[in-house]
Amino acid sequence: MTRSGRFAVLLAAALAVAFVFLALPMVAIFVDTSPGALLDSLGSGESLDALRLSLECSALALAVIVIVGTPAAYLLATRSFRGRAFVVTVLELPLVLPPAVAGIALLAALGPKGILGSALADTGVELVLTTAGVVVALTFVASPFYLRQAQAAFAAVDPTLLAAARTLGAGEARAFGRVAIPLARGGLAAGAALAWGRALGEFGATLMFAGSLRGVTQTAPLAIYDRFATDFPAALALSAVLLAVSAAVLLAVRLAAGTEALGRART
Amino acid sequence: MLALEARHALRGFALDVALDVAPGRCLALAGPSGAGKTTVLRIAAGLLRPGAGRVSCGGEVWLDTARGRDLPPERRRVGVVFQDYALFPHLSARDNVVFGVAGQPRAERRRRAQDALERLGVGGLAGARPADLSGGERQRVALARALAREPRALLLDEPLAALDARNRSRAGHELERVLSAAGVPVLLVTHDFGEAAALADEVAVLDRGRVIQRGVPDHIAAAPASAFVADLVGATVLTGTARAGANGLTTVALDGGGEAVSTDIAEGRVAVSLYPWEVVLEPPGTPPAGSARNRLEARVASMTRLGNRVRVGLTGGQPLTAELTAASADDLGLAPGDQVVATWKGTATRVVPLD
Amino acid sequence: MRVRVAAAALVSALALAGCGGSGTPDLKVSAAASLKSPLTAYAKAFTTAHVQLSFGGSDVLAAQIRQGARFDVYAAANAALPEALHTQRLVERPVPFARNRLVLAVPAGSSARGLRDLERPGRRLAVGSATVPIGTYTGQVLARLDPSERALVLGNVRSREPDVTGIVGKLAQGAVDGGFVYVTDVNATRGALRAIELPAAVQPTVVYEAAVVRDGDHGRQARAFIDGLLHGRGAAQLRAAGFGPPPA
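Residue numbers (our numbering), protein chains in the order written: chain Y, 1 to 267; chain Z, 1 to 355; chain W, 1 to 248.
So that you can see chain Y by itself, here it is in the shape it has in the complex:
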């Protein structure tokens, strides 16, 4: 075999290994679940509560992340300012933070004994052990996923196009909304998909900061863990459902970005 032929085989082998390694556990979930258990799981009130909570909280978290994160990422991508590198590092930190540490950090900041604890108590806002707290925890761990992608997507927009928009009478805001966002659409969607997926699967920080109570804070991952000890088939079934929902979320966001984003990836 020629050297280039050998290299091609190596590339294919690496991809095959990665694919099998990642696909196998997910396939196993579906293989090990019986359709009966799956339906039971879907029918059970607890599972439905957990799924509903997961979807609602992750959607809310995503909304916050996108609304606040998009302009923030745009600023990071298009301007340099003193301390920019430091800001970027801090914004990316939750990525490498173990979820438990994230939970502790949130408690230290927003818990009753935390930095903002008394201020929050004065305004009557309760975050710990509440559904709002779940949203806070999900937002915290999932934000960097969106911010990084969005920043890269905006940075990839040709600055000359933004300059052209300005010379055509568009203020900064209009250039942002009518040129930058449409052109960055693909990257923004990819970031949103990642962030949503991360939020759906969040466990440690949620448990620490918001606790686990059915219908209030017990999201699907927490429900799965709760079930794992005594009812493994039920845990498996709920896992299968969560996996399917996550896949659907990923697909939906990609499609929302438009086939143009997919097409660009193909070339």
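Calculated from the structure, these hints are not laboratory results.
Do not rely on the hints blindly, as some may be mistaken.
[What the hints assert, rightly or not] A few chain Y residues facing chain W, derived, Cβ under 8 Å:
#1 Phe21
#2 Leu107
#3 Pro112
#4 Lys113
#5 Val128
#6 Leu129
#7 Leu207
#8 Thr217
#9 Asp226
#10 Ala229
#11 Thr230
Each residue gets a CB set at the ideal place from its N, CA and C atoms; glycine is no exception.
Starting from the structure of chain Y, add chains Z and W where the hints point.
Chains Z and W only, in chain Y's frame:
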């Protein structure tokens, strides 16, 4: 009237220019890349704030650093055509043009956009995306987009550079027509003197941030103020030492050997410039005849066919370029490596002090 | 040539990593979360093996063993879980090794004196989940209350934690006003929490049992470890932490 003066620190040198363009006139800023031409354009457009400067157009002050006035680009009625046209890829040609048209109900804006496209001959492409258009079509859409705004001034960055050679001259004629008809001051920047000469009424040559010569293109070509300008204009530039010679002529001892005479008066270190098409090639050993007083022995280093012409690169004491008809080159049986004699007239020899 | 050297280095590194102190076997022990401090101290003093401890809810640990996790010793906060594993022939006969007591824990600065104080509206409680021992014990306590009191308590439950660590953590952070934990957990916080004793009538029987996991490689050391919980260094540590001796 577009008036601009600016001082701004650039890499390695300082930009210091003052220029003005009357309505309906076109000024080309010509110079090599890095000379600061695009910076001037960006200052005029409001995309860059210079260290110090003033820009005014049609009586309205756009920039005055002394008074702290700096209108952002969207508040200046300026039309800009960027080097790669900067058409929005996610919008159709018509929507690109609509983007810059202000106010009015949407239907009215679309109509004006369509008109602008038709005036530039691309009305039929209104629904197409930029990716589906040719370079020439994109250039016209970009022009339509800039003009549809009814700008107070028009700025163009290397307007023909992105076109391939075949379309460049036809596009240049059309562009020149559009620019004259626009009725506003036009400032364009280019590294190609030929482009400047074709499109503009006047040319200002920019070198390392300063305008070293300004005038109508023919005049600059005929009397370049320095070796730099001569080189930009496309002349062959030789260096040497000049002294007063016989008959009121200047004799230049060329570096690397040989002599040339010129009707220009100069002394000391000089640059000698002549145009390739003024150089006649003769086979070696031909006795001098005719009125050309300058003769140099040289060897043919390269030959490039350009249609019915041939550019001959020569090496004597210094490199030299001659342009011949292809027929003559064939008749002489010229080939790389041949020894020839290059001759040209003293009256065609420009001499300028060497900076 | 360079590839050969790299390969040799890789192999030696793996061999060294695999050895981990040749001679001393590794003993994998899974234990209830409430055993954390006494067992950690005991493990350090255990010389015949290098003990690796995993703490968690006893129910989750049992599930892991059922799924094939290769522990050598399983120490649970109740008898039911080890007995169930024994019935499934996954562990040898379990051995009771300690007793414990349920208390109502409150933050040290709290003014609460009894369960009544935490039944008031707006008070927040944390309890164990339904399947973890601390949760089932708490369920037994609540079952022995009269229905109206039970309803008030349940109404104030704001989180069902997978193990005691979560309850203790929430109490320490002030996230909840009270929680049902073991008295040994309150001891371990060294004053951050205060224990409110429960009336003897509602106190459940809390017995910890441990078992050697079958098909392990280090049965001898496993038995020795459990033995130490009954008679040796382990017992001393359990006593010091506040655990009672096993029933006779």
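Okay, the hints, checked on the actual structure:
no.	hint	result
1	Phe21	violated, 20 Å
2	Leu107	holds, 5 Å
3	Pro112	holds, 4 Å
4	Lys113	holds, 5 Å
5	Val128	holds, 4 Å
6	Leu129	holds, 4 Å
7	Leu207	holds, 7 Å
8	Thr217	holds, 7 Å
9	Asp226	holds, 6 Å
10	Ala229	holds, 3 Å
11	Thr230	holds, 5 Å
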